[in-house]
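Novice: Mind docking chain B on chain A? Use the hints.
The primary structure of each chain is shown beneath.
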Amino acid sequence: MRMKKYSELIFGASILAFGIFYFLLTNQLPRKGTVDAAFVPYILSAFMLLLGVLQIAVGVKASKNFDEKNYKPENLDYLTVLKTIALIVIYIAVLEPIGFLISTILFLFIGFNLLAPAGEKKNQLMNLIIAVLASVIIYYVFRNGLNLMLPQGILR
Amino acid sequence: MSDILQAMQIVFSFQALVFIFIGVAVGIVFGAVPGLTAVMAVALFLPVTYGLSPGVGISILIALYIGATSGGLISAILLKIPGTPSSVATCFDGHPMLEKGEGPKALGVGIVFSFIGTIVSVFALMLIAPKLAQVAIKFGPHEYFSIAVFSLTLIATLSSKSMIKGIFAGILGFAFGTVGIAPVEATIRYTFGTNQLKSGFTTLTVLVGLFAISEVIKTAEEAKRKNDMTVAQVSMKKIKGFGFSLKELKDQMPNAFLASLIGIAIGILPGIGSATSNIVAYSVCKKQSKRGELYGTGVIDGIVASETSNNAGIGGALIPLMTLGIPGDAVTAILLGGFMIHGIQPGPLLFKTNSVLVYTIFTAMFVASFAMLILEFYGLRIFTRLLNVPKHLLLPLIFVLCVVGAFGINSRIFDVWTIVLFGLIGYGFYKFKVPNAPFIMGFILGPMAELNLRRGLMLSDGSFKGFLTNPISGIFLVLAVISIVWTAYNTHSALKKGAAHAEVE
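Chains as they are written, first to last, in the working numbering: chain A, 1 to 156; chain B, 1001 to 1505.
Just chain A, with the same shape it has in the complex (with noise of 0.2 Å):
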């Protein structure tokens, strides 16, 4: 991966991006005048062009002065990220049909093991026995202590 040699120059095009991205949609807002709704958004867009451009000239003086040499790679599990928020994102969309409880569970008992550190002893009885009872403690708690109704999904 060269991403590090070119991060601060991807960053600079990030803003960027972002800061035309507002800017457009600004420019579609209706004016009533000078000081209007869309006043202090053009400000903003022109804060955001002006850094993008700044951070892109960072970036290209940092990727040439790069020391390719004495760069070790970080060694980052991205593969593990990954996994982690698609996880998060498959639990939110199925926690109001499926209901708080099993999905709580399963996400729980999942994200244990995801998580866990390689090579280590997994106790899997454990694990859902955790999974199990923090999801029913705190979904009973929040439901009759505190008055907060989570989802209640296909157990109903």
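Treat each hint with caution, since some may be false.
[Unchecked claim] Pairs of lysine-lysine residues, derived as DSBU-like cross-links and limited to a Cα-Cα distance of at most 35 Å, are as follows:
| id | chain 1 | residue 1 | chain 2 | residue 2 |
| --- | --- | --- | --- | --- |
| 1 | B | K1290 | A | K72 |
| 2 | A | K5 | B | K1100 |
| 3 | A | K72 | B | K1465 |
| 4 | A | K4 | B | K1224 |
| 5 | B | K1431 | A | K122 |
| 6 | B | K1080 | B | K1100 |
Just so you know, these hints were derived from the structure itself, not from any lab.
On a predicted model such as this, the values are computed, not experimentally measured, just so you know.
Specialist: For chain B alone, coordinates are given in the frame of chain A:
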């Protein structure tokens, strides 16, 4: 007077006392475990307060804040990793002391001076806030606009490493703050036609996403790696008192006083808090001290400086929050959300219309400080054991609690999606080394500046002059310009120095 009695009745009720003790204990755990922060602790407990009375609810949140700010010292001394950014400077002398076999003493000093710092700052809060509220009650849109603008310029001053990134974070937060119905003529902005976005993003979802969800995603990066964190074990059994002598306590008083002042002052300034003040206090105390050269070798002076100042920031940060409704840092931003949930708008009127709540907060702070002193010292064994709680169990649970909290705001899944969105933004910030505190300040102060700009212009018939001719507003605008010029000058000279440095290399 009867208001004070009423406040005492609220705080000294069984329910409130139990909640304050639990709050402090949980806060200490969140402070102590690296990766868990004060912001998370307060954010996670918010849903618990939904169903409680405002007085009790806000007391718990403040108890958590006090506990978490102090708890960082445990890991700073025993692990050499600061549990929170507020305890970075505690490591400098804390760990050398542990290696000399003075671990218990270091912990005792840290805990006692955390307590002293908190108490001093509560007195400062009680003294300054009502006076400031009396002045602030006359503030109109002009003053609020200029104060917000001044606070926004401070963000740039403080985004230490890359000014571009700090300012961008603030602007981006501001941009997210513009979503929803615009002030004055009620134009609907950036909602993409959805109803859910009409009222804009909820402050709480932004905070939970940025500070808690991003942390969960971050852990995934290194989750598979074995961790070999070793927690030093110290026995507190043979310790008399708090492990240090009365003379040492007396000798440290000037040091503690200076550190408290720094902590309070930095706490008051919007945008910065204990994460900055502990380091500033450490270096100032080192310069002032007659035995400054011993700092870093394991003397209690360093721990006193760091731990007194970070807790003193609590009272400081509450001053602008309670009198102006302006949060000084991320934790007070959540507190602001906590106030709002109970239908309370912090600001100068609070002192007139709801003085019982004001006294409740003051009383709760005293009680929480004593709770912290007792719990942290005598419960130390339990807290050190909790440092070993496996993260792969802890973080999914924290995530679920975040989901519950977000869902509880309006009982809609939409808010849960928002915390994920801001979680991803927070993770992106971390990857590109962008500070996330300016984002929060921009998100809260930006819309405040816009609203008051529009209102102020309406009052002065569309003329910008009103912002300058109004004395207080004018002063803050001048201060804003000074802060920008000063930052620009500093960055410029730092760049020059950096360039000269590079040539030498």
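Novice: Hints first: check each against the structure and report whether it holds.
Specialist: Structure-based check of each hint:
As the CA atoms of B/K1290 and A/K72 are separated by approximately 43 Å, the hinted pair breaks the 35 Å bound. Restraint check: the Cα-Cα separation between A/K5 and B/K1100 comes to about 43 Å, which exceeds 35 Å; the hinted pair is violated. Only pairs whose Cα atoms come within 35 Å are accepted, and A/K72 paired with B/K1465 is rejected, the gap being roughly 56 Å. For the hint pairing A/K4 with B/K1224, the CA-to-CA distance comes to about 22 Å; that is within 35 Å, so the pair holds.
Between the alpha carbons of B/K1431 and A/K122 the distance comes to roughly 30 Å, so the proposed pair stays at or under 35 Å and holds. Taking the CA atoms of B/K1080 and B/K1100, the gap is about 14 Å. The hint holds against a cut of 35 Å.
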